[in-house]
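Colleague: Each chain, letter by letter, is given below.
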Amino acid sequence: MNPLHVNISYTRGRETLARTQVLRRTWPVVLDLCVAAIGLAIFYAIVRIAMLWAGPPSEQMVVSLSPRALPQYAFYSVVRIFLAYVLSLVFAVSYGYLAAYNKRVEAFMIAALDIMQSIPVLSFLPPVMLAMIALFPTRHVGVELGAIVLLFTGAVWNMAFSFYSSLKSIPRELREAADINRFSWLQRLVQLELPFAAIGLVWNSVMSVAGAWFTLMACEMFHFGTKDFRLPGLGSYLQTAADQKDGKAIAWGLITMIAIIVAIDQLIWRPLIAWSDKFKFEQVESSQHVHSPLLHLFTHSNVLAAIARRTAEPLNEAIYIKLAARRKERLARAAEHPRTGEGLGERVVLWALLGLAGAGILMAAQRAVLLVRPVTARSTLSC
Amino acid sequence: MPQTIIRAEHVEKYYAQPSANRIQVIAPTDLQVFSGEILALLGPSGSGKSTLLRMLTGLSKPSAGQVYWHDQPIATTEPNVSIVFQSFALFPWLTVLENVEAPLQARGMDAAEQRRRGLKILDTVGLDGFQTAYPKELSGGMRQRVGFARALVVEPEVLFMDEPFSALDVLTAENLRSELLELWQKKTIPTKAIFLVTHNIEEAVLLADRIIVLGRNPGVVRTDFKVTLPHPRDRKSEAFTQLVDYIYKVLTQPGAQPPALPLVPVGKPAAEPRPAHYQELPHARPGGIAGLLELLLDHHGKDDIYRLADDLGFEIDDLLPIVDAGQMLRFLTVTEGDAEITPAGEAYANSEILRQKELFRKAALDNVLLLRQIVRAIDAKSDHTVPEEFFHDLLDEQFTEEVTLRQLETAINWGRYAELFDFDAARRRFILPERQSGPPDEPGATVDDPGSEIDG
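Keeping their order, the protein sequence lines are chains U and Y.
For what it's worth, this note's numbering labels the leading residue of the first sequence as 78, then goes sequentially.
For what it's worth, this note's numbering labels the leading residue of the second sequence as 212, then goes sequentially.
Think of the hints as simulated: they come from the structure by calculation, not from any bench.
There may be inaccurate statements among the hints.
[Unchecked claim] Cut-off 27 Å, straight-line C-alpha distance, at most; resulting in silico cross-link-like pairs (DSS-like, lysine-lysine):
{"id": "1", "chain 1": "Y", "residue 1": "Lys272", "chain 2": "U", "residue 2": "Lys180"}
{"id": "2", "chain 1": "Y", "residue 1": "Lys403", "chain 2": "U", "residue 2": "Lys405"}
{"id": "3", "chain 1": "U", "residue 1": "Lys357", "chain 2": "Y", "residue 2": "Lys347"}
{"id": "4", "chain 1": "Y", "residue 1": "Lys331", "chain 2": "U", "residue 2": "Lys399"}
{"id": "5", "chain 1": "Y", "residue 1": "Lys272", "chain 2": "U", "residue 2": "Lys245"}
[As the list claims (entries may be wrong)] Per the computed footprint, the stretches of chain U lying under chain Y, defined by three or more beta-carbons under 8 Å from a beta-carbon of chain Y, are:
{"id": "6", "stretch": "249-256"}
{"id": "7", "stretch": "336-347"}
{"id": "8", "stretch": "350-359"}
{"id": "9", "stretch": "397-403"}
[Stated by the list, open to error] Partial list, computed: chain U residues near chain Y (C-beta under 7 Å):
{"id": "10", "residue": "Arg259"}
{"id": "11", "residue": "Phe260"}
{"id": "12", "residue": "Glu394"}
{"id": "13", "residue": "Leu408"}
{"id": "14", "residue": "Ala409"}
{"id": "15", "residue": "Ala412"}
We put the CB at the ideal spot given by N, CA and C, even for glycine.
In isolation and in its complexed conformation, chain U is listed as follows (with noise of 0.2 Å):
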């Protein structure tokens, strides 16, 4: 053999080798470079939002048909939606985890979520809207947060719903797992029950934001007493569209709506899915993955790992040690005073309390119907 060729060959190579490392090395970088454009956008956006609220409130405002404002529309909307649902998920884990260890309120929380998903979107309407104008008269923002909360009545109950059966069905061994090994309540929540429930949770977002899309233009142009109002957005653009039988208008409205739910899907319902795969309770691992390019994105990137390891884990770890230490001046209180009886005392304030808070919201909520009424005579004549 050539001892000349057998040198090319081997300094070629090593310089492809080296290319190779490159891209390796580099990988990461552009990655990071990617997750700063991210929050970037980010930024930029709640800027925008940030003006159109702190805005006079605008009940003359004209909805353009332009698709050129159609962008604009979509945003607001999308934003409206994104917190709506925010607001949806705390909601949904505050009120399963709170009937799922309450015994006592459990049978009651449950069939008052059956009855609120059971009232029509529509019919939050007054009341919501007439609450929060009251709250900020002089701002936009008002008319902005009724719409979200009304959003909101559209998509909790399901996953309040699957929160809750979730935490039911957690196994016995597991719970006795965490039991005997201490876990604060915040590990619980956070190493089993969020856990436990997040499949759930997944596909039932995905089904309230769907949901949300639904009552999107109800919410976004309504008549009001004798005002009517309207939020710049997707669902106003696409009902000012049908009144004026704009066929192109309509046309460019239904694009766009489809190509934001098409890209939610890609960027937020597939990264989550495929994240929420290693929460499957699972004996044998599965070959099936759902595959997605940002959650890769997210999982690889320096910035992001960094920024947890300053931040998040040595909170993390000063929280768990503040609870541990919790636990144990408790017990040695219980020590120290046993304690005698079943709490009598204890239990007549709880009741007294419980008498209290239920006098209070009856007497609200006649209130609340009582201001109502007018409103809603006057807007149905209006209609």
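Since the structure of chain U is already known, use the hints to place chain Y on it.
Modeller: Structure of chain Y alone, referenced to chain U:
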């Protein structure tokens, strides 16, 4: 004298019923766990062994009585214990290391210390290099190793194990058992006592320094003795098999006396609960009883139950109900852990199917109170049907809901097979059987009276 770690005084567990009666799961029981011992709690399913374990760890509160840890009531102290679960109970979304670190995290340990101890214990149980794997990527045996690591990482004073090997295959279980024993004997782990719940007699005799046998309905300590066989224990040795036989005998015959063996009784066995009105029908199918009797005939009419189980590849939990059923029908007798076929049993095993049913019918009517009562009730009623509810309520007085339902299921099964009565599942009623002239169907496959369904 070894130090007492846990002392249970008159602990019992019962569930209140709407009627004055209550369902007793565990009769008042005294029990102690000493330092330096492996204690095995042995009993058939339904004897409340897992419930007892949960009461001793503080996971479950006794209905009455008190558990003390080092003479302190368990409610006012936080004993350093951990449990190895039958189902492993690992969190599938956490890696092996995260699973093992979780108990340390809950105890408020700093991250570096968590990592150090986590890695050390993984090394001890032979999981070095698996830190970042998820439990579902591991085999059953490896997963239970993670379970052991998670339990041992907190250096528990008493290690509780709830049937830790029963979800594993035979070889893996054997392997893990001997590794655990090695860790214990070499004092690699600072644990002072091990409390093992099992239904596997051999496992108990292999591992334990002391064995407590529970009887069921309600759970009650039948015997409590020390095992002084030296380690490693040989399953084939005379002393070992005799001990296994003895435990079988205790399980099948409450009043059995311990053999002259190197074992020392600890305390007095509790008095037997007052005899129940109804016998508990063992959950066995007539086909199973016939199968066992035929096997016995092949073994010249008499054999060790332990060997029979081995031959069939059965666990004791699977075989015992069948033996109990044979005993109840007087098709076989059990003495000293040996099952012996009776003449009636021999006749039964040798007959063809119609004759078998006839013999079964006779034996069932003579020996099983519940079946006799059902037949009498059907005869006495003018429409010859009796609602299931009636017997449900009778049995309910004495047994838990679960046991009651299982007994009714067995009674229906036996009654249909013996053609004593039939059961209309749609109306939940016992009815007169349709005596068939031709060869009868498989037991249990009887179809409900189609007429009654149309009526309904």
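Colleague: Does each hint hold? Answer for all of them.
Modeller: Going down the list of hints, with the structure as the test:
Using a Cα cut-off of 27 Å, the hinted pair lysine 272(Y) and lysine 180(U) holds, with the two alpha carbons roughly 18 Å apart. Between lysine 403(Y) and lysine 405(U), the direct Cα distance comes to roughly 23 Å. Compliance with the 27 Å bound is thereby established for this hinted pair. With a CA separation close to 10 Å, the supplied pair lysine 357(U) and lysine 347(Y) stays within the 27 Å bound. Distance restraint check for lysine 331(Y) and lysine 399(U): the Cα-Cα separation of roughly 25 Å lies within the 27 Å cut-off, and the hinted pair is therefore satisfied.
Proposed proximity of lysine 272(Y) and lysine 245(U) is supported: the alpha carbons are some 21 Å apart, at most 27 Å. Counting residues of the stretch 249-256 of chain U whose C-beta lies closer than 8 Å to any C-beta of chain Y gives 5; at least three are required, and the coverage claim holds. Counting residues of the stretch 336-347 of chain U whose beta carbon lies closer than 8 Å to any beta carbon of chain Y gives 0, which falls below the threshold of three, so the coverage claim is violated. With 5 residues having a beta carbon nearer than 8 Å to a beta carbon of chain Y, the stretch 350-359 of chain U meets the requirement of three or more and the stated coverage holds.
Counting residues of the stretch 397-403 of chain U whose beta carbon lies closer than 8 Å to any beta carbon of chain Y gives 6, which reaches the threshold of three, so the coverage claim holds. Annotation: arginine 259(U) was flagged as interfacial toward chain Y, and the flag holds, the nearest CB pair being 5 Å apart, inside 7 Å. Proximity of phenylalanine 260(U) to chain Y holds as hinted, the smallest CB-CB distance being about 5 Å (cut-off 7 Å). The interface hint given for glutamate 394(U) holds, since its Cβ lies 5 Å from the closest Cβ of chain Y, which is under the 7 Å cut-off.
For the restraint placing leucine 408(U) at the interface with chain Y, the shortest Cβ-Cβ distance is roughly 5 Å, inside the 7 Å limit, so the hint holds. The restraint placing alanine 409(U) at the interface with chain Y is violated, with a minimum CB-CB distance near 9 Å, outside the 7 Å limit. Against a cut-off of 7 Å between C-beta atoms, the interface hint on alanine 412(U) holds, since the closest Cβ of chain Y lies about 4 Å away.
Checked against the numbered hints given earlier, the structure breaks hints 7, 14 and satisfies all the rest.
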